[in-house]
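Modelling step: build the complete structure from the supplied sequences, incorporating the hints.
Protein sequence lines, in the order shown, are assigned to chains A and B.
Position 315 of the first sequence, counted from 1, bears residue number 315 in our numbering, the numbering being contiguous throughout.
Just so we're on the same page, our numbering is the position in the second sequence counted from 1, plus 503.
It cannot be assumed that every hint is accurate.
[What the hints assert, rightly or not] Now the stretches of chain A that chain B is said to cover, found in silico as 3 or more residues with beta-carbon under 8 Å:
1) 147-158
2) 171-183
[Stated by the list, open to error] Computed spacing ranges between beta-carbons, pair by pair:
3) D106/A with Y654/B: 53 to 61 Å
4) S874/B with A202/A: 52 to 60 Å
5) M1/A with T705/B: 49 to 57 Å
6) S238/A with V644/B: 51 to 59 Å
Keep in mind the hints are simulated off the structure, nothing from the lab.
Every residue, glycine too, gets a C-beta built ideally from N, C-alpha and C.
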Amino acid sequence: MSIIEIIVLLPLLAALAIALGAPARFLAFGSSVAVLVLSLYTAFKFRTNVEGLGALQFESSRPLINIDGMPDISLGFGLDGISLVLLLLSAIVMVAAIWVSPKESDIKGSARLYYLSLLLIGGGAIGAFCSTDLFFLYAFHELALIPTFLMIGLFGRGEDRVRVAWTITIYLSVGSLILLVGLLMAVVALGGSTFNIADLIALANNPDTSIPADQQGWIYLLLLVGFGILVSLFPFHSWAAPAYSQAPIPVAMLHAGVLKKFGVYGLIRIALPLAPAGAEKWLHLVLILLLGNIIYIGLVTIAQKRLDRMLGYSSVMHMGYIFLGIAAGNVLGLSGAVMLMFAHGISIALLFALAGNIRESFGTLEFNKLGGLAGKVPRLGLLFGFAAFASAGLPGFANFAAEINIFFGGFANMGDSLGWLQWATIIALWGVVISAVYMLRAYRSLFFGPEPTTLKGVRDLTWATRLPVLLLLITLMSVGFVPELLNQFIRPAIDGFFLVTAG
Amino acid sequence: MPVYYLEIIVVALGLLMLMIDAFVKLKDKRAIAWIGMLGLGAVFLLLFRVEWPESTDGSFWQFYKAGDQLSLYFKGIAVLTTLIVLIMAADYSPIIVAQTADPEPGAHRQAGLGEFFALPMFTCAGLMWMASANNLVSIFVSLETVTISFYILVAYLRRNVGSIEAGVKYLILGALSTGFLVYGFAWLFGITGSMDLGEIATALAAPDVNATAALFSFALILVAIAFKIGAVPFHFWIPDVYQGAPTPITAFLSVGSKAAGFIVFLRLVGPFLGSPALVGKVTLVLGVLAGLTIIVGNFSALPQKNFKRLLAYSSIAHAGFLLLALASAPIVARENALGPATVIAFYLGAYLLMTLLAFLVMSTIRQRVVSEELDAYRGLFKTSPFLAVTLLIAMASLAGVPLTAGFWGKFFVLKLAVEQEQWLLLVIGIVGAAAGFYYYLKIAVSMFFESAPTTTEGDTAFPVAVLTRIAMIALTVLIFAVGIYPNLILGLLQ
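In structure tokens form, the structure reads like this:
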């Protein structure tokens with residue numbers, strides 16, 4: 001058994017054990033820590049001098065289907081720089097999410113179901129990022145579907161959580177179905193002989209077997225819509241903010257932080273290499289949509305009156321930058337996009353964890369009912385400040401390192417005059433201002449200003465919540481100060497990506 | 504042991520059960536069902552050990568298709584379905600007794616129960632023959648064996664108006680469709696001069712075939728078979744009959760009858776698809792039928808408030824997906840590859856697992872709550888978490904969530920449609936599958952997110968009989984096992 005197989009199976013086996021009656025919180029936390037340790041170990045062992053997107057490490061493969069008329073499908077895992085970064089992201093957020101989850105006795109309802117669902121959501125994301133087989137990449141992502149539905153409906157906050165649970169599930173399953181058709185079309189167009197991603201990419205880059213350009217257009221469009229729904233690309237974003245604001249905090253952390261990245265991961269890993277002509281064809285559309293994410297949703301975010309909804313919309317907004325990096329389509333842009341996937345995942349999880357804490361202590365997240373918290377809960381205030389600055393993209397945090405790459409990427413291949421991409425980048429820069437506005441406003445109205453008399457005295461962060469929050473914050477800052485920590489993995493993968501597609 | 508003894512064993516078993524019912528004084532007549540289960544279990548194991556005759560031509564068994572893995576697989580489906588139906592029927596016996604009880608003094612308090620266990624055995628034998636039928640006469644005879652025993656079983660609850668009504672509806676429409684079938688067969692015989700499917704295929708593939716007459720006979724046969732499998736617009740009987748029939752029989756109809764209908768359909772459509780003169784029009788008709796069935800089945804399921812009716816429409820919807828596979832048949836039939844026949848067989852196997860699981864839960868709940876409305880399932884997760892989670896898994900699989908058996912069925916069908924570039928049908932299929940998520944999750948919403956109605960007696964868990972529990976666990980495990988390793992079923996088809 002390879003180490004990646006262990007990493008993927010561990011959360012799933014733990015979930016099974018919990019279903020059969022093992023102690024829930026203990027096992028969930030234990031297995032997620034074990035996954036984190038193992039992921040760090042793989043990162044440590046990862047050889048960064050191997051070039052090529054197809055150059056996978058820690059590969060393993062077990063054939064599952066082999067019959068005539070059907071390409072072989074195998075349970076294959078492996079890592080390249082991009083998936084390694086996302087594996088680390090998933091492992092870190094999973095530990096933090098399970099850490100901040102309430103104790104078994106504090107959960108109203110079945111604690112077993114609660115922890116089991118968290119493990120399935122996190123484990124599904126890890127499986128999807130590590131899969132080298134198109135089928136399992138898809139299937140692992142779907143593992144989170146039903147648990148998310150149950151978690152929001154059973155343990156969610158707010159009156160219309162059932163409706164919200166329903167909306168997100170139907171919306172995402174429609175997205176997945178569209179995606180499935182797109183993937184099948186790509187596989188069939190490439191000869192229908194394999195589901196192995198590396199083999200498919202090789203076929204797509206061979207002029208003899210690549211997909212005809214007009215077909216590529218259709219396939220890319222389907223993949224864009226399918227993956228786009230999963231990433232809440234404008235105008236397919238409406239499921240995201242209500243779901244994140246109503247979901248239990250750990251689910252919001254895992255979903256906004258980790259699972260949503262699957263869509264952009266899929267675009268980079270599958271849609272771009274398999275249908276490069278399609279990507280070119282729809283570039284203008286993508287640019288317009290991503291500006292919808294950054295500017296329109298950015299303005300919507302400013303208008304929010306509650307912290308959880310604001311965070312939900314802000315996470316939708318930041319997806320626009322990732323798309324911008326993908327649209328730039330060069331080394332700088334793509335590596336910035338991957339970096340931002342990581343940075344945003346950590347920072348939004350951090351913000352949701354803190355928001356959950358505020359809600360727990362004060363019973364509300366509405367801006368006009370809260371204020372002056374800095375005096376009461378100084379540690380929470382300080383940490384929230386860091387998280388808000390990180391999310392707004394201040395230097396010193398990973399988000400800055402990522403966004404700056406994306407913006408430079410927008411100009412890297414500029415011709416004599418400003419093209420669509422450059423104009424989009426210039427407009428997108430204003431998004432930074434927008435996110436600074438809403439983050440600082442939120443910070444001010446929560447922690448400074450007059451204190452409403454309705455608030456009761458409460459305790460500051462305890463160590464039990466401080467530790468997971470610190471874990472996330474330290475990750476953000478260390479990557480922010482030393483981007484090379486992640487760049488050493490990302491760069492060879494992206495370089496290799498261009499090596500393959502150019503040749 | 505030659506393969507054709509299997510049906511004889513099943514029939515003998517059914518007769519034995521009837522004899523025991525008549526001549527042995529049993530305290531608890533459920534013992535008859537247990538005998539049946541044991542016997543069917545043995546038959547199921549025998550399926551893996553049978554020998555195929557080289558050829559059946561000229562022998563007494565000439566109506567029996569030789570050397571065909573697919574028919575063995577469908578026999579397996581029939582036996583397994585009947586086995587689980589008997590488990591359900593044993594659980595269901597108090598309701599049967601209550602609805603059939605004879606006030607006559609001196610009668611056994613479970614009078615009328617024995618036949619309810621024995622009749623499914625004859626249905627099972629009919630289903631098994633259907634799988635092997637290779638000629639128009641044997642198709643017809645086996646089909647009628649199945650249908651006639653179903654007429655009785657559907658109307659079995661004679662003190663229940665709903666059951667009687669369902670029986671009459673099924674009888675009238677069933678008889679009508681039989682008429683169409685025979686008429687179609689007559690035309691087919693007139694065109695080809697043969698009753699044997701192999702010879703018919705050769706005759707239809709000839710360049711000088713009378714296309715108009717052949718298409719006419721195809722249309723007649725199509726009407727009859729579309730009735731059996733519940734394809735739109737011949738589906739109107741399904742919701743009413745499903746709702747009225749005793750729950751175990753509904754399960755039997757929904758799985759056994761449908762599977763057998765499809766294998767007959769495959770056998771009968773095969774010769775038409777193999778004819779260059781006819782294949783275009785036949786595929787077009789099948790495509791229209793598939794599209795209509797997917798749309799009507801899925802969208803009629805959306806507003807349903809009765810769980811049985813919901814499953815009835817869901818079974819129509821699944822028939823639509825199966826037709827989609829058939830409509831995407833490649834012009835050159837691929838025998839061993841992942842062609843429509845294999846896909847349909849796989850889909851039906853997966854459908855068996857998840858549908859029977861849903862019905863097992865339903866019949867367990869029906870024993871205490873006299874209702875099959877969705878309201879009866881409210882708050883089930885709090886009172887009986889085991890049943891709720893089991894039903895959730897069945898629903899997830901029916902909706903086609905990956906890593907469950909149901910997903911692979913949809914996956915293979917969609918892949919066929921993509922390969923054959925059936926874009927319009929593909930769009931319809933996607934819309935239908937998306938609608939499916941809505942109505943399958945509706946039941947999950949009731950079970951998990953709503954609180955139990957206060958009128959039910961306490962918050963105690965529903966009792967689940969041992970055999971039922973074993974069956975539920977086995978089906979659940981199989982749903983996931985097939986979902987992760989579909990070769991479990993595909994291997995049987997190679």
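How the hints compare with the structure:
Interface restraint, the region 147-158 of chain A with chain B: holds (4 residues with C-beta to C-beta distance below 8 Å; minimum three). Coverage of the region 171-183 of chain A by chain B holds in this model, with 6 residues showing a Cβ closer than 8 Å to a Cβ of that chain against a need of three. Remark: the range hint 53 to 61 Å for D106/A to Y654/B is upheld by a beta-carbon distance near 58 Å. Taking 52 to 60 Å as the suggested C-beta distance range, the pair S874/B and A202/A conforms, at roughly 58 Å.
Between M1/A and T705/B, the C-beta spacing of about 54 Å keeps the proposed range 49 to 57 Å intact. S238/A and V644/B have their C-beta atoms about 58 Å apart, which keeps the hinted 51 to 59 Å range intact.
Going down the numbered hints, you'll see the structure goes against none, and every one checks out.
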